[in-house]
Amino acid sequence: MTKFKSINSVDKLYDRLTQKTAILPLVVFRVVFGLLLCFSQLRFIFNGWVADCYTTPKFHFTYHFFSWIRPFDSATMYAIVGATAMLALCIALGLFYRIATILFFIGFTYLELIEKSWYLNHYYFVSLVAFLLIWLPAHRNYSIDAFIFKKIRLNEIPEWIVLVLKIQIAVVYFFGGIAKLKSDWLFEAQPLKIWLQARTDIPLLGRFFAHEYSAYLFSWSGMIYDLAIPFLLFNKRSRPWAYVLVVVFHVLTYVLFNIGMFPWMMIGASLLFISAAEWKRFFGRLGMRLKTIPAEAKAFKTHRLAIPFLVGFVGFQIIFPLRHYVLTDQVCWTENGFRFAWHVMVMEKNGFTEFTVVDNDTQKKFTVYPSQYLTVIQEKQMSFQPDMIWQFAQYLGTTFNEEGTKNLSVYVNAKVALNGRTSTVFIHPQTDLLAVKHIDDMYDFVVRLADD
Amino acid sequence: MNFSTKKTLLTGVLSLIGFIIIFQSCEKKSDAADLTQSEFHKKAQLVNIFDNEIMPLVTEFKVQSASLDELTKAYKANTSESNLNAAKAQWKNVVRVWKRLDLYDLGGVADSFISFEINRWPTDTERIDANINGTETLDADFIATKGSSVKGIAAIEYLLFTTDENASETYRLRKTDYLVALTENLKVKADELLALWTANKTAFVGALENGITGSQNQVINAMVTLIEEIIISKLGRPLGDTNGGTISIEALEAYRSEFSKEIIQQHLIALERCYKGDFAQTPFRVGFDDFLVLIGSDNLAVDIATQFSHCQQQLDAIDGTLKATLETDTQAVADLKDSFRDLLVLIKVDMANVLGSTITFNDNDGD
Chain A
387 MTKFKSINSV DKLYDRLTQK TAILPLVVFR VVFGLLLCFS QLRFIFNGWV
437 ADCYTTPKFH FTYHFFSWIR PFDSATMYAI VGATAMLALC IALGLFYRIA
487 TILFFIGFTY LELIEKSWYL NHYYFVSLVA FLLIWLPAHR NYSIDAFIFK
537 KIRLNEIPEW IVLVLKIQIA VVYFFGGIAK LKSDWLFEAQ PLKIWLQART
587 DIPLLGRFFA HEYSAYLFSW SGMIYDLAIP FLLFNKRSRP WAYVLVVVFH
637 VLTYVLFNIG MFPWMMIGAS LLFISAAEWK RFFGRLGMRL KTIPAEAKAF
687 KTHRLAIPFL VGFVGFQIIF PLRHYVLTDQ VCWTENGFRF AWHVMVMEKN
737 GFTEFTVVDN DTQKKFTVYP SQYLTVIQEK QMSFQPDMIW QFAQYLGTTF
787 NEEGTKNLSV YVNAKVALNG RTSTVFIHPQ TDLLAVKHID DMYDFVVRLA
837 DD
Chain B
2 MNFSTKKTLL TGVLSLIGFI IIFQSCEKKS DAADLTQSEF HKKAQLVNIF
52 DNEIMPLVTE FKVQSASLDE LTKAYKANTS ESNLNAAKAQ WKNVVRVWKR
102 LDLYDLGGVA DSFISFEINR WPTDTERIDA NINGTETLDA DFIATKGSSV
152 KGIAAIEYLL FTTDENASET YRLRKTDYLV ALTENLKVKA DELLALWTAN
202 KTAFVGALEN GITGSQNQVI NAMVTLIEEI IISKLGRPLG DTNGGTISIE
252 ALEAYRSEFS KEIIQQHLIA LERCYKGDFA QTPFRVGFDD FLVLIGSDNL
302 AVDIATQFSH CQQQLDAIDG TLKATLETDT QAVADLKDSF RDLLVLIKVD
352 MANVLGSTIT FNDNDGD
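Note that the protein sequences, when read in sequence, are chains A and B.
The first sequence: position 56 = 442 (the working numbering), numbered continuously.
The second sequence: position 357 = 358 (the working numbering), numbered continuously.
By construction, these hints were calculated from the structure, which means they are not laboratory data.
Just so you know, nobody snuck in bad clues.
Using 25 Å as the maximum straight-line C-alpha spacing, the simulated DMTMM-like pairs for lysine to aspartate or glutamate come out as follows:
no.	chain 1	residue 1	chain 2	residue 2
1	A	K750	B	D330
2	B	K277	A	D587
3	A	K750	B	D336
4	A	K666	A	E682
5	A	K750	B	D343
6	B	K44	A	E598
7	B	K77	B	D192
8	A	K751	B	D343
9	B	K324	B	D336
10	A	K751	B	E328
Each pair of labels, with its calculated beta carbon distance range:
no.	chain 1	residue 1	chain 2	residue 2	range
11	B	G321	A	N746	26 to 36 Å
12	B	F41	A	I610	31 to 41 Å
13	B	P57	A	E789	47 to 57 Å
14	A	L591	B	V64	42 to 52 Å
15	B	A325	A	F452	46 to 56 Å
16	A	A461	B	A67	41 to 51 Å
17	A	V833	B	E210	32 to 42 Å
18	A	N793	B	S81	53 to 63 Å
Note that the Cβ used here is the ideal one computed from N, Cα and C, for glycine as well.
Throw the hints in and build the complete structure from the sequences for me.
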């Protein structure tokens with residue numbers, strides 16, 4: 387009887403996920419995502435970041451399991467970033483959509499995997515969305531593909547297609563909120579106390595930032611916003627206000643912080659929550675009518691693996707960002723499990739490192755300052771991230787032992803300051819980093835933050 | 002969406018547009034009365050740096066460079082030992098001023114690369130000798146066409162402080178010509194520097210923004226860069242940091258004139274004065290220490306001041322020249338380097354942390 391009941395529930399869920407919904411919100415998402423990414427990639431080129439990130443560094447901090455990813459020469463790298471911009475434009479236009487999404491996902495993810503010191507949460511978000519778009523029929527109406535190939539036109543798609551993207555957006559917010567549930571954020575109002583003090587130059591609002599209460603106000607409201615906004619966007623009744631809140635919140639973060647494309651990405655992505663009926667009513671009020679393009683294709687058929695994949699994907703999205711709870715109790719300090727977990731703007735952290743390479747046979751010592759080998763951004767990021775300190779030590783081990791015959795040790799003098807605390811020793815200074823065989827073992831040599 | 006929700010949406014969007022318009026229109030405000038307390042401090046600090054440190058130093062540099070030019074010309078007219086010594090002493094006066102001014106290679110002045118023209122270290126002695134041994138007329142026009150590695154303060158040191166007992170008469174004569182041409186060029190560069198800073202005053206004291214282009218952040222980055230240069234190049238290399246611990250006298254800056262310690266002294270004075278804003282006996286002495294107190298980091302302000310004193314103590318502990326001490330008491334030089342490293346940590350890590358470097362003096366996106 388119970389078994390029968392559970393099968394019934396699964397069926398109900400399946401029915402719910404495959405029930406029809408309008409394609410329009412997915413199309414809006416496709417257009418906005420494509421245009422924003424096109425702009426973002428062009429901006430990357432015009433800011434000179436192709437050289438700064440890919441071709442200038444002599445050494446790259448690659449990701450675990452992806453050390454084989456390497457940049458090409460300068461011209462090729464410019465071509466790849468330029469190509470991803472054009473592919474993003476193709477996605478927006480719905481031109482050769484399937485191939486554009488596949489190539490964009492591969493190209494963009496390749497670019498992000500080259501250099502860990504340039505990791506940003508929204509780059510990870512873009513890769514995830516690009517991956518999802520490969521499988522989703524976002525081009526099957528209001529697109530050049532649908533204009534040319536009329537037979538692919540759809541007006542309705544199964545609910546799960548929009549839902550999976552909504553969940554992806556909700557995950558960013560919700561786990562961004564969970565990442566703020568820390569004593570520094572809630573009870574010390576850090577790092578906002580520091581950041582708002584630094585932005586008292588902002589017209590009108592700046593005057594309030596000199597007062598401590600504004601940091602607490604922003605900390606708590608930011609946390610509540612992140613945790614609540616997905617639910618407010620899902621709910622039909624609260625959606626209009628919620629979207630206004632999305633715009634106000636992200637414009638504010640853009641004005642206050644050096645946060646690049648992230649606010650616009652989230653403002654654009656959240657448009658997905660607005661239903662076709664709401665779009666039509668909205669334009670109707672403005673005296674405009676959204677034309678329904680007749681569908682010629684048969685109804686979209688959900689692949690039998692789609693729902694299991696959806697469940698697996700959502701499961702991964704829920705579990706993976708929480709892995710740091712198992713790995714460490716000081717995630718902002720150790721950064722073990724920090725990346726790919728939506729820790730968005732939760733800390734002000736600075737570090738200093740000085741490496742000593744010792745030739746154990748001759749007892750000769752070499753002092754190495756990272757700026758001699760790394761770019762400014764690489765040095766800054768490496769100075770407070772244990773895995774990157776380990777990677778740089780291995781690089782020094784190789785650089786100082788080209789013949790491979792020397793018996794070397796590498797030590798680091800690392801000092802780090804977190805959220806306004808006085809700087810303190812970060813890695814046990816007597817640790818021979820070349821003797822630490824695995825990158826994950828490096829976290830065992832992080833000195834505990836005393837007052838956390 | 003019913004009518005009221007649409008109204009809500011429209012109100013929200015219009016409010017946002019209003020906010021952006023107000024924000025943009027307020028961006029370019031210049032009225033001092035509109036400045037927040039923090040901006041007022043920042044403005045006061047920048048004006049203090051400009052009026053009481055940069056301009057007096059630039060003016061002094063012009064005077065000292067002109068004097069050096071006169072003395073090298075006197076030496077050319079009469080190559081006596083006393084004239085040579087007078088030129089050497091004057092070179093040291095030029096260096097004393099420049100090594101304090103060196104910190105302020107900022108904004109439009111830095112973009113002109115004039116600091117390289119004035120002092121690029123180490124100088125390229127092989128190319129200098131090749132120029133002297135060549136046949137071209139060695140005058141200011143010749144120098145103007147040459148790169149920074151064969152001119153400026155370091156090149157002048159090479160010519161003034163190296164003996165050439167075994168050199169030919171032609172070499173000696175052309176060497177003196179080269180020396181005069183260099184000091185003439187330096188004099189011109191000192192005039193250019195004064196003109197550049199005069200032209201850049203408004204931009205410097207007016208850049209109150211918190212981004213990487215803001216003058217205060219540029220000064221912090223310049224302090225960090227200078228301290229790193231002292232640690233890595235001016236003390237680390239001579240101590241053998243890059244060669245396995247073998248002392249390298251020739252890696253010292255100005256080892257020929259044995260002026261290396263004085264150079265570090267002048268850097269330290271410049272850094273401390275910049276930090277404390279303590280340039281002149283005026284009531285207008287706003288420095289980074291005041292700024293730290295303003296944002297509630299009183300203890301850090303004291304810690305940094307204490308570390309400056311510690312650096313001075315370590316420098317004072319070196320009795321003779323840096324060159325001699327490197328050979329006789331390496332540990333004293335190593336201790337000096339360590340004291341600068343601790344100063345670097347306080348400024349690059351602790352001060353940057355409380356000032357919010359993530360959103361201020363960074364050049365890339367964050368999230």
